[in-house]
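Dock chain B against the given chain A, drawing on the hints supplied.
2 protein chains.
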Amino acid sequence: MKKAIILVSGGMDSCVTAACAVKQGYEPAFFHVNYGQLTQNRELKAFCDIADYYGVKDRLIVDIEYLKKIGGSSLTDRSIKVEEGTEPKKSGALPSTYVPFRNGNLISIAASWAEVINAGRIFVGAVDEDSSGYPDCTAEFFKKFNELFGAAFSSGFELKIETPIINLSKAEIVRLGTELNAPLHLTWSCYQSEDKACGVCESCFLRLRGFKNAGIKDPIEYK
Amino acid sequence: MKKAIILVSGGMDSCVTAACAVKQGYEPAFFHVNYGQLTQNRELKAFCDIADYYGVKDRLIVDIEYLKKIGGSSLTDRSIKVEEGTEPKKSGALPSTYVPFRNGNLISIAASWAEVINAGRIFVGAVDEDSSGYPDCTAEFFKKFNELFGAAFSSGFELKIETPIINLSKAEIVRLGTELNAPLHLTWSCYQSEDKACGVCESCFLRLRGFKNAGIKDPIEYK
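Chains as they are written, first to last, in the numbering used here: chain A, 11 to 233; chain B, 11 to 233.
No lab work stands behind these hints, which were simulated from the structure alone. Note that the structure is a prediction, hence the values are computed from the model and not measured. Incorrect hints may have been included.
[As the list claims (entries may be wrong)] Covered, in the sense of this in silico footprint (three residues per stretch, anywhere, with C-beta under 8 angstroms from a C-beta of chain A), are these stretches of chain B:
# : region
1 : 60-74
2 : 104-112
3 : 148-159
4 : 162-168
[Stated by the list, open to error] Some, not all, of what chain A presents toward chain B, calculated at C-beta under 7 angstroms:
# : residue
5 : Leu104
6 : Ser122
7 : Pro145
8 : Glu150
[As the list claims (entries may be wrong)] Distance condition first, Cα-Cα at most 30 angstroms in a straight line; then the derived DSS-like pairs of lysine-lysine:
#  : chain 1 : residue 1 : chain 2 : residue 2
9  : B       : Lys79     : A       : Lys13
10 : B       : Lys91     : A       : Lys13
11 : A       : Lys55     : A       : Lys91
12 : B       : Lys153    : A       : Lys154
13 : B       : Lys153    : A       : Lys78
14 : B       : Lys78     : A       : Lys170
15 : A       : Lys222    : A       : Lys206
16 : B       : Lys55     : B       : Lys67
Here a beta-carbon is modelled for each residue, glycine too, at the ideal position from N, C-alpha and C.
Bound-form chain A, shown alone (with noise of 0.2 angstroms):
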């Protein structure tokens, strides 16, 4: 069986994107960040609830504490705020959550243990126009990172990012996740609670509208 790494924060997107990687037959090495945000421990948790559903065995959870170091966004940084989520978004303007080059940090971790496991693919769950806006999420920033891998390996390992749910919408995702059996009730989402979800931040008001037009009740509490 292949292997595939997959990117899991714990959150709906990466958990749909893990039940692609399983469709397609891949055998899936989960691998997870902590770098400081507001609720990294029930993400870590989430990590390990979705790893233990799939009965994944490969699994490397690293601490980078170096964003919350560098600085520059709310996920980061306890003196700035987390916005609400808000409909539409305000054209160009980036939320105060984005985490500058954060795929890319990710993404480069994962590329140097998928050349020690011999792993092909690296999954991601980036979503592009019904997100955040985020610049580092986009088909072509991940096109742009295939090129680079092109170029970076030794002879003989090939390595590629698959992106599957990047142009669904959130609704999309939601219903795609149930159709495979996605553990939806083992994901978090929100940016900054730990309990119950707020319900209000960003990532809280984009997974509560996608469970909404999909027409599915959302399985996690809300305050």
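Using the frame of chain A, we list chain B on its own:
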């Protein structure tokens, strides 16, 4: 003054690269990683000494122990032997010191920092031809990374990697460093010793050959 981040391992190549950035009029911001490599403490001392020499204010030192956790290299796994340097290189064979996608990881961290401190350049002291043959040290690799950067940041921020010594031989690097008054006496290149350089590992081998071919005496001590 425009800021440039310089990846400073503490070795000769990154020291001369820092000298190039200073010569070009950039305000240098120094970046260093500890990744569980054998000579971690000695390299960190060299980094600090070189930063002091240039009066550098912006310094970022991060621990990325995950590269050790991931393994696959004699620099991070004590059970794999660091081989001696040889001439000529075996074509196609990578030395055991290869750390998969290491430069991808370092550049990604630097890129996150760059957007936060508004530095438009990252200087990397990679050497292509006269080196160990690591795939993440080629001109093509950095070209692809620059193309990725074009699709990676919020609007208005532009970032570019500079590799001023990539096509130089080790002897030319020694001569250039000497000409620019780079503090070569403060640098550390040895892969396996922390008191006096071993003189036989691949890194010492390339360095010593460079000084010899340049007709200049290496100012550091060897066993």
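Hints numbered earlier in the text: which of these fail when held up against the supplied structure?
none
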